[in-house]
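Number of protein chains: 2
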Amino acid sequence: MALASSSTVHLPAPIPLITRRSLLAPCAAYRTPDAAAAAAELPHQKQRSNSTINLPTTLSNLLHLHLTPKPENSLESLAVALPADRRTPTESPKEDVSSLCSELHGPGDWSRLLNPLHRWLRREIVKYGEFAQATYDAFDFNPFSEHCGSCLYCRRRLFDKLGLAKNGYDVTKYIYAMSHIELPRWLERSIHADTWSKDSNWMGYVAVSDDTESHRIGCRDIVVAWRGTIAPAEWFGDLQGKLEPLGSDHGDVRVEHGFLSIYTSKSDATRYNKSSASEQVMEEIKRLVSFYREKGEQVSLTITGHSLGGALALLNAYEAASAVPDLPVSVISFGAPRVGNIAFGEKLKQMEVKTLRVVVKQDVVPKMPGILFNEKIKKFENVTGTLEWVYTHVGLELGLDVRSSPYLKKGLDIPGFHSLETYLHLVDGYLSSDTEFRVDAKRDVALVNKASGMLREELRIPPCWHQSANKGMACNSYGRWVPPQRDPEDIPSPYRSGP
Amino acid sequence: MALASSSTVHLPAPIPLITRRSLLAPCAAYRTPDAAAAAAELPHQKQRSNSTINLPTTLSNLLHLHLTPKPENSLESLAVALPADRRTPTESPKEDVSSLCSELHGPGDWSRLLNPLHRWLRREIVKYGEFAQATYDAFDFNPFSEHCGSCLYCRRRLFDKLGLAKNGYDVTKYIYAMSHIELPRWLERSIHADTWSKDSNWMGYVAVSDDTESHRIGCRDIVVAWRGTIAPAEWFGDLQGKLEPLGSDHGDVRVEHGFLSIYTSKSDATRYNKSSASEQVMEEIKRLVSFYREKGEQVSLTITGHSLGGALALLNAYEAASAVPDLPVSVISFGAPRVGNIAFGEKLKQMEVKTLRVVVKQDVVPKMPGILFNEKIKKFENVTGTLEWVYTHVGLELGLDVRSSPYLKKGLDIPGFHSLETYLHLVDGYLSSDTEFRVDAKRDVALVNKASGMLREELRIPPCWHQSANKGMACNSYGRWVPPQRDPEDIPSPYRSGP
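Heads up: the protein sequence lines correspond to chains V and L, in order. So the first sequence is numbered by the UniProt record's numbering: it starts at 1 and just counts up by one. So the second sequence is numbered by the UniProt record's numbering: it starts at 1 and just counts up by one.
Don't read these hints as lab results, they were simulated from the structure. Ideal Cβ placement from N, Cα and C applies to all residues, glycine included. Each statement offered as a hint is correct.
Derived coverage of chain L by chain V (criterion: at least 3 residues anywhere in the stretch with Cβ under 8 Å from a Cβ of chain V; other residues may be distant):
1) 87-96
2) 444-454
3) 467-473
Residues on chain L that point at chain V, a partial pick, calculated with CB under 8 Å:
4) Asn142
5) Phe144
6) Gly163
7) Ile191
8) His192
9) Glu457
10) Arg460
11) Ile461
12) Pro462
13) Asn476
14) Tyr478
15) Gly479
16) Arg480
17) Trp481
18) Val482
19) Pro483
Straight-line alpha carbon distances no greater than 25 Å define the calculated DSS-like cross-link-like pairs of lysine-lysine that follow:
20) V:Lys409 / L:Lys471
21) L:Lys166 / L:Lys94
22) L:Lys471 / L:Lys161
23) L:Lys161 / L:Lys94
24) L:Lys198 / L:Lys274
25) L:Lys367 / L:Lys409
26) L:Lys409 / V:Lys471
27) L:Lys471 / V:Lys410
28) V:Lys161 / L:Lys471
29) L:Lys242 / L:Lys367
30) L:Lys94 / L:Lys442
31) V:Lys442 / L:Lys471
32) V:Lys471 / L:Lys442
33) L:Lys471 / V:Lys471
34) V:Lys471 / V:Lys198
35) V:Lys471 / L:Lys161
The shape of chain V in the complex, shown without the other chains (with noise of 0.2 Å):
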């Protein structure tokens, strides 16, 4: 096997400098930021739209999963370089963004900070997109711990557990679910009888931004981040053709039933769904409105979502536009599926909902349900009769390319395509749809890995190596090894309360 070190790999393009100043003094080498040439970077090109996207290319492209190697200079046009970088900070600057608090977090358009990405744009991006990972790497997937299913923290230090207390949020509740419906794989469950509860599962959370955060960004910040599922090509396989009308009230609009059921379901007889999923999450949101309105703030609403979280996302912004009047609500997601038909999508739109799918191409989760009848379909309306029964995706597209990136591996990995560390690695790396991947990327490549084996073997970082030690397993006083035993503090509890 033909290994590379970082001193014999050719740099076509040289690190700049502040890559090199920061391993002398990492802090030091921020640059101050220039809010108003930041602001400046916006870009003159075309807009992407889901309706301009020709349906034969598309379903040639489905079937390639765009595998077709790039020229090999992309693919060495950057460094793999890591030992070098192993002693410089993971992330771009901080800097103040509210002066495109309108575009960013308001009722503004993204569409002109798509392509070129810009800078500001990207690191919200990739910040919601942690947000949206932390709900994995808190999970207790294990079976033989009695709270698996649960969050492995309690809400005031998932942040600080996770290493995202820099973002400047406050968790301020925990979100359940469970679901009427049978779904493949979806909820976890713990060998032990006695649990902490038997029907629910830790569905997500939600945030607030503190006050540093909120003066950087222009606004208070309330965040929603909703948890996906590992088995998505399994589960979502199964949904097709499954759309379900959201009620009297709703017209023609018409959604996935699997989604709905988690997003909605409730029962007396459980712990943790006394209430649904709907029923949290709006009970916090409209709390939090108020509360911050009533102190004269600007308030904001982004929600966010990988994969199944990534649908939710778009229920909970639907329900949330609906009920809370004037408050700008956003949907970053990744990889999420499609969820309603045509009138869900109009819907939205008319609500002025923003969203923005964050889209790996190589992916197929964004393609489910509704591989064949969705919303490229429209120019065939008389073939299908009626467009209730059309899937289609909503808002703005953010399309990457594993291609794009000299640390991937370039073999079919239908995981590693979905995993949400490959997508906020690719955003990381995202310029424009037709640059090379950033060569100042600084998000730490390693975090790829964590649940994947998308990295390229030179990089030598282990695949699948977020694991815990001896599976939770710990050796006590008496040098017995003991299952899983959670501190007192971050064992589930039915009582929840706010900030």
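Starting from the known structure of chain V, arrange chain L on it as the hints suggest.
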């Protein structure tokens, strides 16, 4: 799934008072040893011998793999009551066994201590088994580590890191091995080009008892522990019929050529095998024997190993007994395959090498190589022509049965049957060939699932739980995840010295 908790399981035999008391005062609960009484615990029962085994029965047993379930009562004869035990020590009392020194560590015979198994011998077997287990627990299997194939810790820290310092031995030398023969899945290699060693693996160590332990057992005990292989079935399947003469000085003695290659290969081009494993270990044994004999001490040599490690132990015992006059040499092997022909076995007997083969009946490895042509074929000598080509086991056998333990699953699990931790669990519970699992066995049952899934689900111990946090990846002060880095003290060095 029906799950039994400790409080609901019926207890046919009451837990002895000592266990209950130990919940309150674990240390005070140790019984004061009565050496005379224990020494008198000697059996009057039949001695086991390989030559009395019936060939058709053995073949039939082999084909059935002993999987026909025993009556349910044996399965339920012990409470599956881990939670209650989680606050008790994990070991039997450490008694002064010097009164049985000749039998346990000297030239005396083990046979009268085996059935029923004398509790002092059981404790010694577990001690040596844990020395062998250390070679797995401390081995760097991670191909993404640049030190893959070496020991994770330097010899001074090995026992401390593994909780084995309590045994009172000091590691004096590490042994490295290579092989000139291509053996399937033997050598563990780093994916790094520039690694500590391309050809050699850490293969075991030499240790010696300290003053306290030497006093307890009645002699200065040198122990050699040999590492085995994680894919024995795959490997041993290949070995059929490759017996190689040991050399002109050894008459008809022939041994399996793969084992011999690992034991004797060396190359000046390597860093760790300029001398062979054989030369490394013999130099250290001779040095230690001279050192302690000069001080007027009684010295014994006990060689242990599991699987391939058991085979190397036997080759090592053969060489040590030939090379060091009047040294009592013992072998305690676990799940070891056959090593040599009948002449090899005769020669070991003649040199008075004491061998105890601990064998789980359901394990296939001890049936290899020579699954058809082995010592049981003696009576058909005229069929096979010459015994020179027939593999044989040597010494005494301690036969264990997976079905005897109420903690273990009853299904077919070939790697689980072979796992050393399964062996140690069964030794700990063994009383005699015709009694149930020991009620007061204290060894931590959770250890069984370190690298297997043999424990019953009710015990709620995750299968294969022995894993490092994040595969050794660590987050540095810049927030960047970096590949496994060793403490400089634990980086393998070519300079190895004595005690």
